[in-house]
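Undergrad: All chains should be modelled from the sequences, with the hints used to inform the complete structure.
2 protein chains.
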Amino acid sequence: MTQLEMARRGELSPEMAQVARQENVSPELVMQGVAEGTIVIPANPVHKGLAACGIGRGLKTKVNANIGTSSDYGSLTTELEKLKVAIGAGADAVMDLSTGGDIPAMRRAIIAASPVAIGTVPVYQAAISAIRSQGAIVRMTVDELFAAIEEQAQDGVDFITVHCGTTQAAVNRLTEQKRTADVVSRGGAFLIAWMLHNQRENPLYEHYDRLLEIARRYDVTLSLGDGLRPGCLADATDRAQIEELLTIGELVTRARKAGVQAMVEGPGHVPLNQIEANVHLQKSVCQGAPFYVLGPLVTDVAAGYDHITGAIGGALAAWAGADFLCYVTPAEHLGLPDAYDVREGVIASRIAAHAGDIAKGIKDAAGWDLKVSLARKKLDWAEQARLSLDPQLAERVHRKHASAGEACSMCGEYCAMELMEKTLGSRLPKC
Amino acid sequence: MTQLEMARRGELSPEMAQVARQENVSPELVMQGVAEGTIVIPANPVHKGLAACGIGRGLKTKVNANIGTSSDYGSLTTELEKLKVAIGAGADAVMDLSTGGDIPAMRRAIIAASPVAIGTVPVYQAAISAIRSQGAIVRMTVDELFAAIEEQAQDGVDFITVHCGTTQAAVNRLTEQKRTADVVSRGGAFLIAWMLHNQRENPLYEHYDRLLEIARRYDVTLSLGDGLRPGCLADATDRAQIEELLTIGELVTRARKAGVQAMVEGPGHVPLNQIEANVHLQKSVCQGAPFYVLGPLVTDVAAGYDHITGAIGGALAAWAGADFLCYVTPAEHLGLPDAYDVREGVIASRIAAHAGDIAKGIKDAAGWDLKVSLARKKLDWAEQARLSLDPQLAERVHRKHASAGEACSMCGEYCAMELMEKTLGSRLPKC
Numbered sequence: 002m003t004q005l006e007m008a009r010r011g012e013l014s015p016e017m018a019q020v021a022r023q024e025n026v027s028p029e030l031v032m033q034g035v036a037e038g039t040i041v042i043p044a045n046p047v048h049k050g051l052a053a054c055g056i057g058r059g060l061k062t063k064v065n066a067n068i069g070t071s072s073d074y075g076s077l078t079t080e081l082e083k084l085k086v087a088i089g090a091g092a093d094a095v096m097d098l099s100t101g102g103d104i105p106a107m108r109r110a111i112i113a114a115s116p117v118a119i120g121t122v123p124v125y126q127a128a129i130s131a132i133r134s135q136g137a138i139v140r141m142t143v144d145e146l147f148a149a150i151e152e153q154a155q156d157g158v159d160f161i162t163v164h165c166g167t168t169q170a171a172v173n174r175l176t177e178q179k180r181t182a183d184v185v186s187r188g189g190a191f192l193i194a195w196m197l198h199n200q201r202e203n204p205l206y207e208h209y210d211r212l213l214e215i216a217r218r219y220d221v222t223l224s225l226g227d228g229l230r231p232g233c234l235a236d237a238t239d240r241a242q243i244e245e246l247l248t249i250g251e252l253v254t255r256a257r258k259a260g261v262q263a264m265v266e267g268p269g270h271v272p273l274n275q276i277e278a279n280v281h282l283q284k285s286v287c288q289g290a291p292f293y294v295l296g297p298l299v300t301d302v303a304a305g306y307d308h309i310t311g312a313i314g315g316a317l318a319a320w321a322g323a324d325f326l327c328y329v330t331p332a333e334h335l336g337l338p339d340a341y342d343v344r345e346g347v348i349a350s351r352i353a354a355h356a357g358d359i360a361k362g363i364k365d366a367a368g369w370d371l372k373v374s375l376a377r378k379k380l381d382w383a384e385q386a387r388l389s390l391d392p393q394l395a396e397r398v399h400r401k402h403a404s405a406g407e408a409c410s411m412c413g414e415y416c417a418m419e420l421m422e423k424t425l426g427s428r429l430p431k432c
Numbered sequence: 002m003t004q005l006e007m008a009r010r011g012e013l014s015p016e017m018a019q020v021a022r023q024e025n026v027s028p029e030l031v032m033q034g035v036a037e038g039t040i041v042i043p044a045n046p047v048h049k050g051l052a053a054c055g056i057g058r059g060l061k062t063k064v065n066a067n068i069g070t071s072s073d074y075g076s077l078t079t080e081l082e083k084l085k086v087a088i089g090a091g092a093d094a095v096m097d098l099s100t101g102g103d104i105p106a107m108r109r110a111i112i113a114a115s116p117v118a119i120g121t122v123p124v125y126q127a128a129i130s131a132i133r134s135q136g137a138i139v140r141m142t143v144d145e146l147f148a149a150i151e152e153q154a155q156d157g158v159d160f161i162t163v164h165c166g167t168t169q170a171a172v173n174r175l176t177e178q179k180r181t182a183d184v185v186s187r188g189g190a191f192l193i194a195w196m197l198h199n200q201r202e203n204p205l206y207e208h209y210d211r212l213l214e215i216a217r218r219y220d221v222t223l224s225l226g227d228g229l230r231p232g233c234l235a236d237a238t239d240r241a242q243i244e245e246l247l248t249i250g251e252l253v254t255r256a257r258k259a260g261v262q263a264m265v266e267g268p269g270h271v272p273l274n275q276i277e278a279n280v281h282l283q284k285s286v287c288q289g290a291p292f293y294v295l296g297p298l299v300t301d302v303a304a305g306y307d308h309i310t311g312a313i314g315g316a317l318a319a320w321a322g323a324d325f326l327c328y329v330t331p332a333e334h335l336g337l338p339d340a341y342d343v344r345e346g347v348i349a350s351r352i353a354a355h356a357g358d359i360a361k362g363i364k365d366a367a368g369w370d371l372k373v374s375l376a377r378k379k380l381d382w383a384e385q386a387r388l389s390l391d392p393q394l395a396e397r398v399h400r401k402h403a404s405a406g407e408a409c410s411m412c413g414e415y416c417a418m419e420l421m422e423k424t425l426g427s428r429l430p431k432c
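Protein chains in written order, with the working numbering: chain A, 2 to 432; chain B, 2 to 432.
Treat each hint with caution, since some may be false.
Where chains are identical, the list cannot tell them apart; a pair therefore holds if satisfied intra-copy or between any two copies.
Unchecked claim - Straight-line Cα separation of at most 25 Å, SDA-like style, residue types lysine to any residue; simulated pairs: (1) K379 with A137; (2) K284 with V139; (3) K258 with E419; (4) K379 with Q135; (5) K379 with L394; (6) K49 with E6; (7) K364 with E277; (8) K379 with E24; (9) K372 with G91; (10) K49 with G260.
Calculated from the structure, these hints are not laboratory results.
TA: Below is the structure:
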């Protein structure tokens with residue numbers, strides 16, 4: 002039975018109980034959310050040692066880190082190191098997007114080493130296998146695609162990105178309109194190339210029931226991917242993107258009916274003033290399914306700093322109701338991230354998630370800030386660092402320029418807080 | 002005559018003409034904005050070699066970098082290096098906040114070396130001089146304070162932060178309510194200590210006409226500082242902050258009547274969901290005066306990454322109508338920034354400013370993104386780097402992991418854009 006099926010029957014699974022403890026909410030809230038499909042708990046029973054994590058309405062906004070090799074770079078060693086760094090920095094989930102080397106071996110090693118949920122994009126393996134063995138993506142058979150999906154489910158993958166909404170109708174919308182960056186989703190591009198060459202419908206859409214059957218059997222959460230997500234601001238919120246979203250909404254309904262957990266992927270590149278609309282639209286047409294956004298990036302001009310552009314968009318999206326932020330690293334648009342980039346990406350997304358959680362009133366979110374602020378007011382540097390998002394860094398930066406006094410080197414002997422405590426301290430009521 | 006007086010007479014100054022060229026807007030738009038007080042052009046005629054820059058409604062959002070020594074760290078050498086780095090990274094203005102060493106010498110050297118507008122906080126010099134010569138801030142005389150202001154105006158400072166709104170009434174609001182972090186403004190703290198000890202009104206408020214007279218004579222733009230700005234999320238948008246803002250609104254009106262350019266400083270630490278309200282409130286009670294915000298920081302927990310928390314808040318503030326973003330560096334809350342921090346801070350704020358400009362529809366803003374996206378689509382790496390916010394970094398990161406093909410090492414031979422161009426290229430209308 003899937004988490005969804007259990008929740009519907011009113012059975013509190015150990016995973017739901019764990020999520021409730023972690024979030025400091027009632028088990029009933031979690032169970033009800035899972036039953037309604039507004040919360041997913043990606044937890045494949047085959048994945049041993051998983052600490053289950055809930056994603057969705059009423060819970061803290063979660064952060065995903067993408068790792069994995071490309072044909073140019075990466076090995077089992079580098080990717081296991083990135084996994085460690087991502088988890089150390091606080092990622093709630095990790096996707097293995099390997100497209101180079103021994104893809105199955107990479108995935109199995111990552112699952113075995115990971116206490117957090119692992120996601121994949123099975124079409125990568127199927128398509129690359131077709132290229133390697135038959136010279137072209139377009140020769141991939143439908144059975145090969147589903148075999149890759151089932152193999153990954155058997156390996157213990159907790160959630161899979163499946164671009165089921167990238168239908169012929171959506172591709173037609175794309176070809177009917179002008180786009181600047183066309184298609185930037187790798188999985189979407191593989192499927193569209195296959196569809197156009199074979200003049201057939203997207204197999205993940207045509208055989209969606211077959212996909213649901215596998216997903217239900219292994220309780221793999223579907224992450225309904227947006228193969229037509231915009232790849233630049235100029236393409237944001239266009240007809241192709243929204244056509245695909247409408248289909249995804251229908252597929253969410255079908256997944257729920259089949260007892261399969263489903264979340265929905267979203268953009269991408271979105272100007273600040275379109276983020277809220279994107280989130281509200283997804284929530285409406287996908288009946289409150291958890292929304293998993295990539296960034297979103299609020300400008301195209303800052304390659305090398307896209308963890309920052311993604312944090313701006315992610316904070317706004319989280320506030321508006323997005324539940325799961327896929328990080329963007331400083332390497333985005335330039336190359337495959339390494340361990341340094343992974344760390345920076347996770348931290349930036351965690352800042353965004355937390356800022357969003359404060360604004361949307363998630364339980365306990367602002368309490369963390371209050372504790373830090375009280376330590377700051379006391380000039381208690383050890384406590385401030387301990388409570389920080391990144392204690393080691395906070396301590397290192399604080400020590401960079403020693404201060405002669407109790408304050409930091411920014412104000413030295415003229416610290417406003419110190420001065421106020423001396424002058425006004427006794428007159429002020431304390432929080 | 003000040004820029005404001007000239008604009009009111011319908012005289013187009015060389016500075017207004019330069020701003021219009023830079024912004025690609027009509028000279029009339031700039032002149033009208035200056036005349037109404039919704040645009041300021043901080044340009045002290047004594048500051049030779051200044052490239053005038055406009056701040057306010059209808060113009061691109063600008064970025065300020067704070068530099069300057071503290072009693073713990075910094076010298077003429079380090080601060081001139083920071084000035085260079087700030088300007089190189091694209092800062093539109095720089096404030097010299099020195100509180101250590103020879104403060105006047107530092108300021109003069111910085112003004113002489115700077116093509117961008119320079120701001121200061123004259124009360125620092127006056128207060129520290131009183132501490133050095135008489136052992137306590139509270140012994141500073143009103144004449145000494147105004148002498149420091151006039152000296153700085155004579156030196157060519159383009160704008161000065163003056164905490165004129167930190168009145169006894171506002172301090173009473175503060176003592177009537179609970180605050181977590183009390184006062185975190187250095188200038189505010191100096192003045193409040195002085196006011197409480199001497200049981201007198203804030204001299205910058207009591208003798209505001211004297212201040213206006215100096216400001217008018219040298220065309221120094223007043224930056225009406227918020228001595229009671231919140232120092233943590235828990236204190237955001239409280240009665241003390243807003244009481245001070247109401248007074249500042251009145252002082253804006255008086256400045257305009259006197260022919261003096263004025264902008265208004267704002268927070269600080271503000272949760273995402275209060276940023277828009279803060280901007281709209283300032284615009285309303287200050288009659289559209291340019292709004293100069295510090296960050297704002299959207300969480301207190303990310304010391305070491307406050308350039309990112311500030312970029313999130315800054316983007317939202319800019320979108321809502323803030324005109325001028327004071328950067329926050331990775332060293333914030335931990336120590337005085339060094340050249341590395343200055344660079345990171347300026348870049349993060351420029352991202353925020355640009356993201357905000359796209360959303361508020363500033364002329365030409367989104368055009369930059371479109372150019373980058375077209376180069377990205379063509380896999381033209383040299384052009385992408387050239388057009389980037391930070392070309393050197395973009396190139397360095399791209400080269401970190403070489404790719405065997407035309408794409409980058411993220412996707413290697415499976416680049417979605419390359420694949421789509423091959424598959425779909427001829428069928429798609431181009432932008």
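Undergrad: For each hint, tell me whether it holds in the structure or not.
TA: Verification of the hints:
1. Taking the shortest Cα distances, K379 and A137 sit within 25 Å of each other only across copies (23 Å), while inside one copy they are farther apart (64 Å).
2. Taking identical chains as interchangeable, the C-alpha atoms of K284 and V139 are never at most 25 Å apart, the minima being 34 Å within one chain and 58 Å between chains.
3. Taking identical chains as interchangeable, the C-alpha atoms of K258 and E419 are never at most 25 Å apart, the minima being 61 Å within one chain and 38 Å between chains.
4. Taking the shortest alpha-carbon separations for K379 and Q135, neither the intra-copy value of 67 Å nor the inter-copy value of 28 Å comes in at or below 25 Å.
5. Within a single copy, K379 and L394 get their C-alpha atoms as close as 20 Å, which meets the 25 Å cut-off; across copies the closest is 39 Å, which misses it.
6. Within a single copy, K49 and E6 get their C-alpha atoms as close as 21 Å, which meets the 25 Å cut-off; across copies the closest is 74 Å, which misses it.
7. When the C-alpha separation of K364 and E277 is checked against a cutoff of 25 Å, the pair qualifies both within a copy, at 22 Å, and between copies, at 23 Å.
8. Neither within a single protomer nor between protomers do K379 and E24 lie at most 25 Å apart by alpha-carbon distance, with minima of 29 Å and 46 Å respectively.
9. Taking the closest pair of Cα atoms, K372 and G91 come within 25 Å of each other only inside a single copy of the chain (19 Å); across copies the shortest separation is 36 Å, beyond that limit.
10. Taking identical chains as interchangeable, the C-alpha atoms of K49 and G260 lie at most 25 Å apart only when both belong to the same chain, with a minimum of 22 Å there against 73 Å between chains.
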